[in-house]
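**Student:** The chain contents come next:
There are 2 protein chains.
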Amino acid sequence: MELEANHRQADPCWLRYAPVDHPERLAQYRKWCKELVTPANPSPLLASAIFELHQGIESMLHMKPQCVAVPAEAYSLCLGVKGQSALIDEALAPLADASEDSYVIRTISQDGRKHLLMAGVSERGALCSAFHLLRLMQMGESMEVINMQESPDNGLRMINQWDKLDGSIERGYAGGSIFYKNNEIPSHLTRVHEYARLLASTGINAIAINNVNVHERESWLIKLPMLSQVARIADIFRNYGITVFLSVNFASPIVVGHLPTADPLDEDVIAWWKQTAAEIYEVVPDFGGFLVKADSESRPGPFTYGRNHVDGANMLAEALKPYGGLVIWRCFVYNCFQDWRDRTTDRAKAAYDHFKPLDGQFEDNVILQIKNGPIDFQVQEPVSPLFGTMPATNQMLELQITQEYTGQARHVCYLVPQWKEILAFDTYAQGEGSEVAKIVSGSLYGRKLGGVAAVSNIGDDRNWTGHILAQANLYGYGRLVWNCNLSAEQIAREWIALTFGSGSTQRTEVILNLLMTSWLTYEQYTAPLGVGWMVNPHHHYGPNVDGYEYSRWGTYHFADRDGIGVDRTVKSGTGYTAQYREPNASRYESLETCPDELLLFFHHIPYTHRQHSGKTVIQHIYDTRFAGAEQAQQFLDAWLTLEGQMDEEAFENGRSRLLEQAEHAREWRDQINTYFYRKSGIPDEQGRTIY
Amino acid sequence: MELEANHRQADPCWLRYAPVDHPERLAQYRKWCKELVTPANPSPLLASAIFELHQGIESMLHMKPQCVAVPAEAYSLCLGVKGQSALIDEALAPLADASEDSYVIRTISQDGRKHLLMAGVSERGALCSAFHLLRLMQMGESMEVINMQESPDNGLRMINQWDKLDGSIERGYAGGSIFYKNNEIPSHLTRVHEYARLLASTGINAIAINNVNVHERESWLIKLPMLSQVARIADIFRNYGITVFLSVNFASPIVVGHLPTADPLDEDVIAWWKQTAAEIYEVVPDFGGFLVKADSESRPGPFTYGRNHVDGANMLAEALKPYGGLVIWRCFVYNCFQDWRDRTTDRAKAAYDHFKPLDGQFEDNVILQIKNGPIDFQVQEPVSPLFGTMPATNQMLELQITQEYTGQARHVCYLVPQWKEILAFDTYAQGEGSEVAKIVSGSLYGRKLGGVAAVSNIGDDRNWTGHILAQANLYGYGRLVWNCNLSAEQIAREWIALTFGSGSTQRTEVILNLLMTSWLTYEQYTAPLGVGWMVNPHHHYGPNVDGYEYSRWGTYHFADRDGIGVDRTVKSGTGYTAQYREPNASRYESLETCPDELLLFFHHIPYTHRQHSGKTVIQHIYDTRFAGAEQAQQFLDAWLTLEGQMDEEAFENGRSRLLEQAEHAREWRDQINTYFYRKSGIPDEQGRTIY
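Taken in sequence, the protein lines are chains A and B. Taking full-length UniProt numbering, the leading residue of the first sequence gets 1, the next gets one more, and so forth. Taking full-length UniProt numbering, the leading residue of the second sequence gets 1, the next gets one more, and so forth.
Among the clues, some could well be false.
A pair holds if it fits inside one copy or across any two, identical chains being indistinguishable in the list.
Simulated crosslink set (SDA-like; lysine to any residue; CA at most 25 Å straight-line) [claimed, not checked]:
(1) K448 to E432
(2) K571 to I690
(3) K223 to G431
(4) K321 to R232
(5) K571 to R678
(6) K64 to R610
(7) K420 to V510
(8) K615 to R678
(9) K615 to R561
The set of hints was computed from the structure by calculation and includes no laboratory data.
Whenever a hint applies, use it, and build me the whole structure from the sequences.
**Tutor:** Pasting the structure below:
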């Protein structure tokens, strides 16, 4: 059964290039697409762009564009890279100072002929422009007059695969790995090729292809013969402008190199990593670098040797520097053997406490990768106070596309609205207007390196993401980190048009409404008011109010018969609020100004406390649980109206998952409500059933 | 490492036969043991008895007894079976009406010679007598004048292995299976042979060698070629008087026979089972029969076909009857997909509701195997009301030696005291004196078949049971079901003497005290007052007060801010108390008379309710949690005084496990106390730390 599933044609997702059925548009597109002007001997990367244009046009217009070096038709498409021709260079003039991934798409007239130029500052830019044009066509936009230029907001637009060599995926909910099977990289990498296309089409330019938890087997990926298999993957991604990184085991000198130590200041260790880097670049000349989870959740790191993160990261950075490689060092460092009885330790404070004192000490080719929140990808938590507090250090943002805590591809939870909030969060690091987006792009402190990484949600399921609607998160991630100003709705509308077609207003509106309200809905029936967790341990699916309450993970809600929440104030709690700059610190510190949705993250309060809405906390819990579960049922009802308006498989996938969500949302509602009713003894004002 | 562990000599447990170091005893024993009179051509079973005597005597006395057919020495041991000689038959005369496993041990004088007779009504009886004599010697008893006769209280004295073909053991905590490895029965069965010796020495006479959850692979054990491997195991056990049973899949006709149905009334199904029985008895002529878990926890059964347990059991019974085989049909049948919101369904009522109406309809060679309590092997629960309510049906008791809910071979929990209480429970089925012991032995209703089964606690750990002290449970089980009148302390003293030696009063008293108080101690720091559960789901180890509260398993405590417990009264609850006969029904129904230790099993009561002790429930919870954790620490402290008084390995095993228990008991204490303090808001009267 599994083999069969893997061998079926994978879902093309947003690259399905449905035939254009609007007669006028079809005529216009065909007029323009007769001819494609390209360089005579395109590089592999440019060849990918040409391939994509050919394939897309053929599929949408049922015609093959003629590839020529010199235009002959009255209308032509023209793909090129800076320096290729005067025409291209002139079109690129406005992008003189722009980053190399920038491009223009522009219609021009020359010698009585009309050209639709797709011109990239680099080849990658050209590829992006080709995908952009195809997107415009899929959405039915006119080609007659186009004049657009695009520059990515972030230098690194990265995907982190948490794939393991045994073929499983940590926090993966859409089948097995497309990269690994039975501890090998398989001989056929068709799905990897398709994945490269999908990612490149959204603007992704980097990928770490193995799980950040690097165990024995995975440690060997950096050495031959495994490395030559990694090179096969790098070849595929390279042709789509995507640079490959590897997650490495900090203890590799011991595990792989048979040295007695992995001490970053040990001469033999330093030499070993330098030698290893040399070997890697011999095989993968454009290797991106290392992603490192060190001294985190029992992974090895410099602490073992009495060294710190600077020692560890810089040692690796020096090994990679001669080749232009990067070290991406994760800041997800905290005590994961906490005693639940100990209320003085606050996991939320850990990243800031560990890293802020090290500002200015990291090498230039080190980037700190910081999870969006101080805890761990909860449906609602504040932005990490570490952003912006290290002006002399490269920082990047880590998001999670895979829905570990947000429904695991069984519930719909469109995450772009959450990511928008995170990027728009004003840290006040350099006064007002110091949003996270500006910090991670590097612009706020004028840093060259920065960007965003996110944990992928794909697997070898035919539809890639398990839930058809979860494709929107992968698509949306790429689009958003390219252009942080796109709205969540814009992105959703694009994805719906590309996936289901640009017709049918009703279908579009149903799916759009479903996506746009899904995050809030998930928040409504799960853990309330930013307190987080309340999930089943280990797998993190489904309600369990006390699931993490007596654990070692530092994730508590402290609910008793009178109230709930974590006091993180300076006045009476852990003092976490002081990690923020003003006015954020005061805003979170005071019950008067703390946003409702984060109330229980920052404060321990009685159930009878009235929120800004005027509602008591307990009544808010009841009301939102009932509303959220009701909304989940409405998602299903709305989906059922779409029968016949999309292919059977997509409809059935959505139907079965939304059915599970509706049922599961009721389970969440009842468990949360019952838990708090039994504890508080306060009845629902509306007298609804609580068990 | 695993291989090494498996290949090391297994611990001899209570058959270690330490050299006798008391000079006077040594001289006496040597005098008697010079000569062993046995039949000239002993059967394999009798040969085992001879082998055991030889081995034991040689080890204890450093001498080999001479095997003779006719006594020549002044003193001799004499082993025999009824009908062998006039001497033997005369000795057995008082056992004329006794069961075939009975025996005598008696010193007699004849023709100026002294004989120590070990005489069995059957060969199995003779083997038991040999082990008995060896036990007396190990304990340092005098051999000069012995006159004892023994008859087992129960016909079936059975062990259930929950071993799976893949080599794992369901609810096993002492390594992997000794019966299976990698889906095969291994070529070397040394450990099985050793296990047969251990079991036979305690009086066990039957064993089901595979898990009651019979999945695809295990279904094939009843057919060649797997069956020929089963025969190898049966050969080993047969030589020690132990009959082999198999757990079978009720859907075997489909899974193995490729029939379209397993309907017990279908002609093809009936024929298939008859044919299968014939094949089995061809290969294993003394095969015991089938153990069946049907329509229980998603295992297949007659319900699928609209049939009932009688239909299912009798169909199998008819197939086995021509060969004298038995069907042991488990009564652990309940709805395992319960909705926690539904308070009208009470899992405790299920077995009685399912089976009582079927009394008198089962074939004579069917025995219903009933778990001791109505729920599932909790540290404290009432006795199943099904016992004694089916006068025209064979019933047997199922116990659990493996400590699934009682500390899993990491905590010491000597279970014989619990089993004693169960056997002594008066059901009043035939008026006062209708104890469970009399029901399952068959004596109360004059039924021929009956007995006790228990889930084994052994694995391929060198010491068999993981925790050295858990050996006492396996030993104690065998001894107790042979003789229900033995006290828990007698059995413990025997085990200590056989395991650690009969010397050192201090060592004996420390271990005895530890064993005898261990069950109560475990109860004290875990779930209070008979409410049960409060463990982590699935693996059932460690505290989790709400672990099963919102689950589908029917195992709830209903704790809210005011009180806790399950109302199972007729007056206001589920009516479960009515399943008991008077006066038990009224005793449990009334808060005034309900025993404290079962208070929360039968009643939902406020935390401020005063128990018979005068203490409030909440204060009882706090006090016992503190006391239990303190006691666990004292276990460790006491054990540490024994250093040097036993072999290093045993000491270290006990030390490390008691250390874990002491720490874990504190975790239990704090989680339970904190949970109830947060919920009730009632402080500890003694002001101790609750988090």
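**Student:** Run every hint past the structure and note whether it holds.
**Tutor:** Hint by hint, here is what the structure shows:
1. K448 to E432: Answer is within: at 22 Å inside a copy they meet the 25 Å cutoff, but 89 Å across does not.
2. K571 to I690: Between copies, since 24 Å is at most 25 Å while 36 Å is not.
3. K223 to G431: Classified as neither; 47 Å inside a copy, 79 Å across copies.
4. K321 to R232: within (23 Å within a copy, 66 Å between copies)
5. K571 to R678: between (30 Å within a copy, 23 Å between copies)
6. K64 to R610: neither (66 Å within a copy, 88 Å between copies)
7. K420 to V510: Cα proximity of K420 and V510: one copy only (22 Å, versus 66 Å across).
8. K615 to R678: both (20 Å within a copy, 24 Å between copies)
9. K615 to R561: both (19 Å within a copy, 23 Å between copies)
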